[in-house]
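Colleague: Turn these sequences into a full structure, and let the hints steer you where they fit.
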Amino acid sequence: MIEIPAGTFIMGHPSCGNDATPVRRIYLDTFFISKYEITNAEYYAFWISAGQQSSQHTPISYPKAIWPQATINKPDHPVIGISWYSANAYAGWAGGRLPTEAEWEKAARGKHGLIWPWGDQFNLLIQGIETHANVWQDNRINGTTTVGKYPTGDSPYGVSDLAGNVWEWTADWYGEQYYHQAKGKNPTGPSIGSWRTVRGGAWLNKADAARSSIRLGQHPSIGASFIGFRLVKQAINVQ
Amino acid sequence: MVILFLIASLIVGTTKNQAAVDYDAGLRAASHQQISLAIEHFQQAVQIDPDLSDAHFRLGLIFTNHEQWRRAIQSFGKAIMADPNYLEARYRLGEAYLVGTAQAVEAAEQLKSVIAADPNHLAARQLLGQAHLRLHQPELAVAILEKAQSADPTINYDLGLARYRTADLQGAVDSFQQVVSVQPNHVQAHFHLAQCYRQLGQGQKSKQSLHTFELLRQQADQIANLQQYLAVDSSNARAWAQLGRLFLRQEAWTEAISAFQNGVTHQPTEASFCEQLGYAYMKNQDYSSAQLIFQELTQRYPQSVEYRNSLGISLAMQNLLPEAISQFETARQLDPTDPQIHFNLYRFYQKTGDRRRAQQAFQRYQQLQ
Numbered sequence: 001m002i003e004i005p006a007g008t009f010i011m012g013h014p015s016c017g018n019d020a021t022p023v024r025r026i027y028l029d030t031f032f033i034s035k036y037e038i039t040n041a042e043y044y045a046f047w048i049s050a051g052q053q054s055s056q057h058t059p060i061s062y063p064k065a066i067w068p069q070a071t072i073n074k075p076d077h078p079v080i081g082i083s084w085y086s087a088n089a090y091a092g093w094a095g096g097r098l099p100t101e102a103e104w105e106k107a108a109r110g111k112h113g114l115i116w117p118w119g120d121q122f123n124l125l126i127q128g129i130e131t132h133a134n135v136w137q138d139n140r141i142n143g144t145t146t147v148g149k150y151p152t153g154d155s156p157y158g159v160s161d162l163a164g165n166v167w168e169w170t171a172d173w174y175g176e177q178y179y180h181q182a183k184g185k186n187p188t189g190p191s192i193g194s195w196r197t198v199r200g201g202a203w204l205n206k207a208d209a210a211r212s213s214i215r216l217g218q219h220p221s222i223g224a225s226f227i228g229f230r231l232v233k234q235a236i237n238v239q
Numbered sequence: 001m002v003i004l005f006l007i008a009s010l011i012v013g014t015t016k017n018q019a020a021v022d023y024d025a026g027l028r029a030a031s032h033q034q035i036s037l038a039i040e041h042f043q044q045a046v047q048i049d050p051d052l053s054d055a056h057f058r059l060g061l062i063f064t065n066h067e068q069w070r071r072a073i074q075s076f077g078k079a080i081m082a083d084p085n086y087l088e089a090r091y092r093l094g095e096a097y098l099v100g101t102a103q104a105v106e107a108a109e110q111l112k113s114v115i116a117a118d119p120n121h122l123a124a125r126q127l128l129g130q131a132h133l134r135l136h137q138p139e140l141a142v143a144i145l146e147k148a149q150s151a152d153p154t155i156n157y158d159l160g161l162a163r164y165r166t167a168d169l170q171g172a173v174d175s176f177q178q179v180v181s182v183q184p185n186h187v188q189a190h191f192h193l194a195q196c197y198r199q200l201g202q203g204q205k206s207k208q209s210l211h212t213f214e215l216l217r218q219q220a221d222q223i224a225n226l227q228q229y230l231a232v233d234s235s236n237a238r239a240w241a242q243l244g245r246l247f248l249r250q251e252a253w254t255e256a257i258s259a260f261q262n263g264v265t266h267q268p269t270e271a272s273f274c275e276q277l278g279y280a281y282m283k284n285q286d287y288s289s290a291q292l293i294f295q296e297l298t299q300r301y302p303q304s305v306e307y308r309n310s311l312g313i314s315l316a317m318q319n320l321l322p323e324a325i326s327q328f329e330t331a332r333q334l335d336p337t338d339p340q341i342h343f344n345l346y347r348f349y350q351k352t353g354d355r356r357r358a359q360q361a362f363q364r365y366q367q368l369q
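Chains as they are written, first to last, in the working numbering: chain A, 1 to 239; chain B, 1 to 369.
Among the clues, some could well be false.
[What the hints assert, rightly or not] Now the in silico label distances, taken between C-beta atoms and shown as ranges:
(1) B:Q222 x A:I141: 27 to 35 Å
(2) B:Q222 x A:G158: 55 to 63 Å
(3) A:I66 x B:S36: 22 to 30 Å
(4) B:M81 x A:Y85: 51 to 59 Å
(5) B:R356 x A:Q181: 27 to 35 Å
(6) A:I129 x B:D221: 36 to 44 Å
[Stated by the list, open to error] Facing chain B, from chain A, some residues (calculated, C-beta under 7 Å):
(7) T30
(8) H57
(9) S61
Since the hints were derived computationally from the structure, they do not count as laboratory data. All C-beta atoms in this analysis are idealised placements derived from N, C-alpha and C, irrespective of residue type, glycine included.
Modeller: Here it is as structure tokens:
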């Protein structure tokens with residue numbers, strides 16, 4: 001887990017859609033976020049404890065990612081095909097929770113409002129490398145990759161894969177107008193909604209969808225081959 | 001018996017999985033704009049699993065976008081049957097009833113449920129307000145829309161209409177004023193303002209609003225005529241430029257840019273078209289594009305003070321201050337009597353911290369005023 005220290009950050013960006021404005025400075029308490037997306041191997045342990053094949057938390061099997069074989073063939077790929085409810089259940093089982101949108105975005109953009117986790121240009125040259133995330137590329141077979149495959153794409157805090165690979169469930173309901181009403185300290189999303197917000201873009205999206213301020217609503221009851229998640233744990237206040 | 005149960009569970013699990021795979025394929029197809037394929041996959045998904053509410057919803061969205069209202073209503077209805085708490089499906093169902101099939105009563109029922117669950121759902125409030133107006137219930141429309149408390153001009157416009165119909169003329173004026181403060185070129189709002197002022201006995205204000213309405217309507221007619229003409233003959237650069245100027249007057253910057261771009265394409269040597277395109281870029285805060293335009297113009301017309309000044313401003317707005325100042329200095333040499341150039345030099349020398357030069361420029365500006 002990576003510590004994200006308390007403080008303010010810039011949330012939203014005018015180029016990322018009306019739902020990502022107004023741009024505001026938001027304060028968050030210290031929290032910890034997992035460096036990588038939750039993998040097939042990690043989810044497997046939860047799935048066993050939840051009752052295996054008969055469990056409601058069984059991931060959907062896709063042609064290129066059959067469960068539970070994926071835990072052997074692709075153990076370090078992000079787990080996919082899980083609903084928000086299953087992601088949330090895993091988080092509780094693991095002693096954590098899903099990140100709020102604000103926590104996710106701060107972990108991705110740092111204090112200075114970067115457009116992508118590594119900078120303001122998608123193909124920025126870093127250590128001689130131009131590709132920093134798993135996003136759609138024509139003329140290749142596209143799908144998930146192992147977590148941590150693009151270390152140059154880490155955020156200022158060192159969190160990996162916040163752009164591309166899989167969209168990530170957050171704890172918040174999706175509200176198109178929410179930024180107009182969000183509180184300035186530790187916002188936790190609207191109180192009601194139809195969709196949960198996913199962030200980060202995925203392997204089937206072009207670069208722009210992987211910008212750190214892009215927001216998308218997805219129905220929570222069903223997973224997809226391009227949605228995963230990561231965990232957050234709260235800092236313990238030592239008196 | 002146990003074995004049969006396990007086999008049955010496996011079959012159900014497998015078919016549910018297949019439905020989820022089809023749903024996923026539909027999402028992927030939709031994300032790549034492969035609409036027919038998306039429809040096919042979503043339909044397969046709901047055939048296997050009729051309780052996949054989001055697959056029904058996605059179908060409803062596609063049918064809405066293609067104005068296939070009856071099919072949209074069916075799909076949203078099924079989404080709600082599968083998940084009665086699916087607020088967005090209720091909202092969309094209400095929208096389809098109201099906009100698509102003019103069934104205001106049915107629309108109101110759905111929209112009321114949405115607002116009861118989520119009082120902050122502005123779009124549902126606005127539609128419910130419109131439904132009440134259709135049902136000749138303006139008081140209910142006012143009650144619903146007043147709680148929206150939004151600067152959104154479309155909500156305020158509907159509120160204005162509702163207030164007008166309840167004979168709350170001053171309230172209607174307030175609403176229409178809010179509309180034109182955000183959208184100064186809202187033609188209908190100006191007309192309704194004229195009506196309200198006339199009935200309030202404020203003749204002068206009524207005349208002003210009516211005059212604005214007529215001016216805007218003329219512009220709208222001119223725009224429509226030019227667009228029709230250009231649809232037939234798109235090579236007329238002058239017509240494009242005229243269209244661009246009309247859009248500039250309406251502060252429709254993106255449309256102006258598009259029109260001037262077409263003008264420049266068909267007559268690239270005409271400097272005035274380029275100049276107006278550069279101006280439209282500046283208004284749209286696209287300073288880097290404006291810079292390219294004015295750079296080209298200053299190369300073609302190196303003695304033009306105006307183009308150098310515009311180039312300087314486009315550079316300054318990108319915080320390229322030394323480059324901007326260089327252009328202003330060149331412009332000053334070309335015409336030392338232009339006060340605007342000295343004022344620009346004052347502003348941007350100040351920003352760079354060069355107080356001495358800033359002061360000199362300001363003194364010269366004052367002398368020339």
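Colleague: Next step is simple, just say for each hint if it's right about the structure.
Modeller: These are the hints, each one checked on the structure:
| no. | hint | verdict |
| --- | --- | --- |
| 1 | B:Q222 x A:I141: 27 to 35 Å | violated (54 Å) |
| 2 | B:Q222 x A:G158: 55 to 63 Å | holds (58 Å) |
| 3 | A:I66 x B:S36: 22 to 30 Å | holds (28 Å) |
| 4 | B:M81 x A:Y85: 51 to 59 Å | violated (20 Å) |
| 5 | B:R356 x A:Q181: 27 to 35 Å | violated (50 Å) |
| 6 | A:I129 x B:D221: 36 to 44 Å | violated (57 Å) |
| 7 | T30 | violated (30 Å) |
| 8 | H57 | violated (13 Å) |
| 9 | S61 | holds (6 Å) |
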